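K.L.:
Protein chains in written order, with the numbering used here: chain A, 9 to 231; chain B, 551 to 1022.
Source of the hints: derived by calculation from the structure; they are not laboratory data. Computed from a predicted model, the values in this text were never measured in an experiment. All residues carry an ideal CB built from backbone N, CA and C; glycine is no exception. There could be a bad hint or two in this list.
Stated by the list, open to error - Which stretches of chain A does chain B cover? Using the computed rule of at least three CB atoms under 8 Å from a CB of chain B, they are:
#, segment
1, 21-29
2, 217-224
Claimed, not checked - Here are a few chain B residues that face chain A, going by a calculated C-beta distance under 7 Å:
#, residue
3, His723
4, Glu727
5, Asp778
6, Leu800
7, Val821
Claimed, not checked - In silico negatives: residues of chain B with every beta carbon more than 10 Å from chain A:
#, residue
8, Glu564
9, Gly581
10, Glu672
11, Arg719
12, Glu764
13, Gly828
14, Ala879
15, Glu921
16, Arg935
17, Arg986
So the chains spell out like this:
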Amino acid sequence: MSARDDILATIRRSLGVTGREPTRRDVVEQRLMRSPRGLIPKRADLPPAEQVALFIKMAEAVSASIARVASLDEVPDALAGFLRAHNLPMALRHGEDAIFTAIPWDRQKTLEHRSGRSDGNDLVGLSHALAGVAETGTLALVSGNDNPTTLNFLPDTHIVLIDAKDIVGDYESVWDRLRSRYGRGKMPRTLNFVTGPSRSGDIEQKILLGAHGPRQLHIVVVG
Amino acid sequence: MFLTTETFKENAVEALGNEQLQRAMHNVEAGFIGKRKAAADRLPEFDQLRANARDIKNHTLAHLDLYLEAYEANLTAAGGLLHFARNSEEARSVVLDICKRVNARTVTKGKSMISEEINLNEALSAAGVDPIETDLGEYIIQLRGEHPSHIIAPAVHVLKEQVEADFRRVHTHLAPERNLDEPESLLGEARAVLRDKFLKSDIGVTGANFLIAETGTSIIVTNEGNGDLTQTLPRIHIVIASIEKLVPTLDDVSQILRVLARSATGQDFSVYTTLSTGPRRPGDPDGPEEYHVILLDNGRSSMLGSEFQDMLRCIRCGACMNHCPVYHAVGGHAYGSVYPGPMGAVLTPSLFGVDKAGHLPNASTFCGRCESVCPMMIPLPKMMRHWREREFERNLSPATFRAGLSVWAFFATRPWLYHLATRIGMLVLGFAGKARGRFSWLPLAGGWTKYRDLPAPAGATFQAAWAKRPRT
Ligand code: SF4
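Same shape as in the complex, but just chain A:
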C-alpha cells in the first residue's frame, strides 16, 4: 500500500470511519465552499477613516514609519524626502504594477527608479500593497510581476504604497479580496502579511530590528 493510502487508512481506522459517510462528506464540502466567518474582534469594527487611523497607530507601534499624502502626485516628493532624511541613495526598485506608471516621477528628477525583481543589490525596494489590515497594522502583499516578492525581503529598506481605500479592518476582508481577484480556492504563489520591519529575539530574548528582512519599513498612505 502506498504511504498515502496507508496513512489515510490509519486515520480512518483510528476515527472509526470509512470516508464514505455522506453526512461527513457534506459537512466538509459545505465548510470549504462557504468558509463561515469566525469571531472578528471589535477593535477594527470602525468607519473607514478611523480604520485608517487605527492602521497607522498599530503599524507605528511595531516600528514601521508612516507618511500620508493626498494623491499619487505627491508620492515622488514623499519618497525623496524619506530617502534624504535617512541618508539613502536616490534610487529604488519596484515591479510592473500600474501604480508605478501613474506616479509623476519627473517631479523628482534625481530620483532613480528601476523595475524588476531584486538580485540582492538594491538598498531600497518599493511595493504596492493589495490591502492593509487595521487590526494589527499589517500589510498584505501578493507576488507576481506587479510586485516581485524579492523586493519585500532583500533590500535593507522597504517602502510600501497603500491606497487609503484599501485599508480594511480585519484579515477576513483580505480573504474576500483574494477570492474575488483570483477565484474561490485559488491563491497567488505568495501572499505576505507584513507587520513592521524584520526582527529577532534569539540572543537573550532581547528584540532587535533588522534580522534577515528589511531593517526599515516605511508606509506611504495615499488618499
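Dock chain B with the ligand against the given chain A, drawing on the hints supplied.
P.N.:
Leaving out everything else, chain B with the ligand in the frame of chain A:
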C-alpha cells in the same frame, strides 16, 4: 531526533548545577510571561478566540481524512507536489531524492521542528549536502552542534558571550579584532554571513505552521524574514509538515492566527505571516520553480481517537513551556527530546514510546499553568496523568515507586488506619521539627530534601484541623 529522555533524571540534576544555563533560563520568564499576558489583555475577545481555535481543530481532526484529500486536490491543482511519509525515514528519503536529482550542494533552511524530529540535517550531511540553518537561534545552535532547547526560541539556553565565542570560532574570514560586544553586532554579522548563503542555495526547506485545505496553501509565521528568503530565492521549495497542521479554510486559520503570536511572543501579530501556494506562476519574476510538500505521519494517525487526540491541536506556540516551573528549572535539553516542556511530556511518549519517554510525564508539579495559558485549551496535565497510568499499567515505573504506591494504597483503602497513621506521623514530625520549623533531611525522602526543605507540619492533620475549625 535525539532521544536522551531515558536519562531525564540525570540530565535534570546536571542542568540544575549548570550556572550558565540557570542564568540563561531567567530570560524565559522575563522575556515571555509578561508580554503574553499584556497581549492577551489587550484583546477582549482573546478567550473566545481560544475556544473557537480549539473547536476548529477538533472539527478538523474529526474529518482529517477528508480535509487531507481536499488539501491534496487543491495543492495539486496549483502545481504543487505532495509526498506522504509514514515515518522519518520516508520523509528524509523524499528530500534526499530531490537533492540528488538536481545535484544540490547546499540547502538553506527555515525553522522547522519537523526537520528536527526527522533528523534531516544529519541525513543531508551524510549525503554530502550542506544544510544551513538560517533562523538566528537555529544558526547559533547549529554552530554549537546542539539541538533546540525551546520550540520557538531554540537558543534560549545560550548566553550572548557564548554566541560571540562561537561566531569568532566559525567566522574566521572576518577580522579577529572586530567588536562583538553588543547583540546588535552579532545579529549584523549573522545577517551578512547568511545573506550570501541564501543567494547561493539550491533548495530551500521550510516547515509549516498551517496547511489550508480550501486552497492547498502552506503558511509560515516568522519574525526574521529568513523563512521567506529560504523559500523565495532557491529553485526548489520543500515544505515539511505533519498531518495535524491542517485547517479547513482561510477564515478558520484567521481565528487561530489571532491567538498564536499573542501566546508565543506576546506580539499582536508576527512580522511575517506568509501563505505559499504552488510554484511561481507563468510570468512571475521570482519564487521557486518547484514546490513540494512532505506530509509526515510518524505515529500521529494512531493518536486520533485515543485519549491523546487533543494533543494534535497543538500549534507549537511554546506558551506551556514558558510558563512551566519545571522547564524554568531544568531547561529544554534535560527533556532529551525535540519537544520539551509540558507539550513534549505528552507528545514525546506518543511519538517515540512510553518505554523510552516515560519519565517526562512525571516531570510535572501539576500546577496547571500550562493548560491555563494554552491557546488551544489542551488539557496537558490530564494527559500527563494518562501517561503515568499507562506507565504504571505496563509495569514500567521503578520498583521502589510501585512499592511505595502499594503501601499508600493499603492505607488509603482502610480509612481508620489511614487516619491513625497520619495522626501519629504528623505528631512525630511536628514535634521533631518544632525547633527549626523545617527539615533539610528526612529518612526515605533524601531525594526530595536534597534540593529543598520540607516545612515542619503543624502537628495535626488537615482533617483534624478541619474538624476543629470554628463554625459560623
Ligand atoms: S500545548 Fe498549547 S501552549 Fe503548548 S505549545 Fe502546544 S499550543 Fe502552545
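K.L.:
All hints, please: hold or fail.
P.N.:
Hints versus structure:
1. Against chain B, the segment 21-29 of chain A contributes 5 residues with a C-beta closer than 8 Å to a partner C-beta. That satisfies the three-residue criterion, and the hint holds.
2. With 5 residues carrying a beta carbon less than 8 Å from a beta carbon of chain B, the segment 217-224 of chain A meets the three-residue requirement, and the given coverage holds.
3. A distance limit of 7 Å between C-beta atoms decides the matter here; for B:His723 the minimum to chain A is near 19 Å, and the interface restraint is violated.
4. Interface hint at B:Glu727: violated, since its Cβ lies 21 Å from the closest Cβ of chain A, which is beyond the 7 Å cut-off.
5. Annotation: B:Asp778 was flagged as interfacial toward chain A, and the flag holds, the nearest CB pair being 5 Å apart, inside 7 Å.
6. Here the hint on B:Leu800 is kept, as its CB sits about 4 Å from the closest CB of chain A, short of 7 Å.
7. The closest approach between the C-beta of B:Val821 and any C-beta of chain A is roughly 5 Å, which is under the 7 Å cut-off, so the hint is satisfied.
8. Non-interface call for B:Glu564 relative to chain A: holds, since the shortest CB-CB distance, roughly 22 Å, exceeds 10 Å.
9. Against chain A, the non-interface label of B:Gly581 is violated: not every CB pair exceeds 10 Å, the least being about 3 Å.
10. No beta-carbon of chain A comes within 10 Å of the beta-carbon of B:Glu672; the shortest separation is about 22 Å.
11. With a cut of 10 Å on Cβ distances, B:Arg719 stays outside the contact zone with chain A, its closest approach being about 16 Å.
12. Remark: the non-interface label on B:Glu764 conflicts with the geometry, its nearest Cβ contact in chain A lying 5 Å away (cut-off 10 Å).
13. For B:Gly828, the requirement that its beta carbon stay farther than 10 Å from each beta carbon of chain A is not met, with the minimum near 6 Å.
14. Annotated as non-interface, B:Ala879 keeps its C-beta farther than 10 Å from every C-beta of chain A; the closest such distance is 18 Å.
15. For B:Glu921, the condition that its CB be more than 10 Å from all CB atoms of chain A holds, with the nearest at approximately 22 Å.
16. Distance check on B:Arg935: its Cβ is at least 22 Å (rounded) from any Cβ of chain A, clearing the 10 Å threshold; non-interface status holds.
17. Chain A leaves B:Arg986 outside its interface by the beta-carbon criterion, the shortest separation being 39 Å against a cut-off of 10 Å.
This entry does not satisfy hints 3, 4, 9, 12, 13, going by the numbered hints stated previously.
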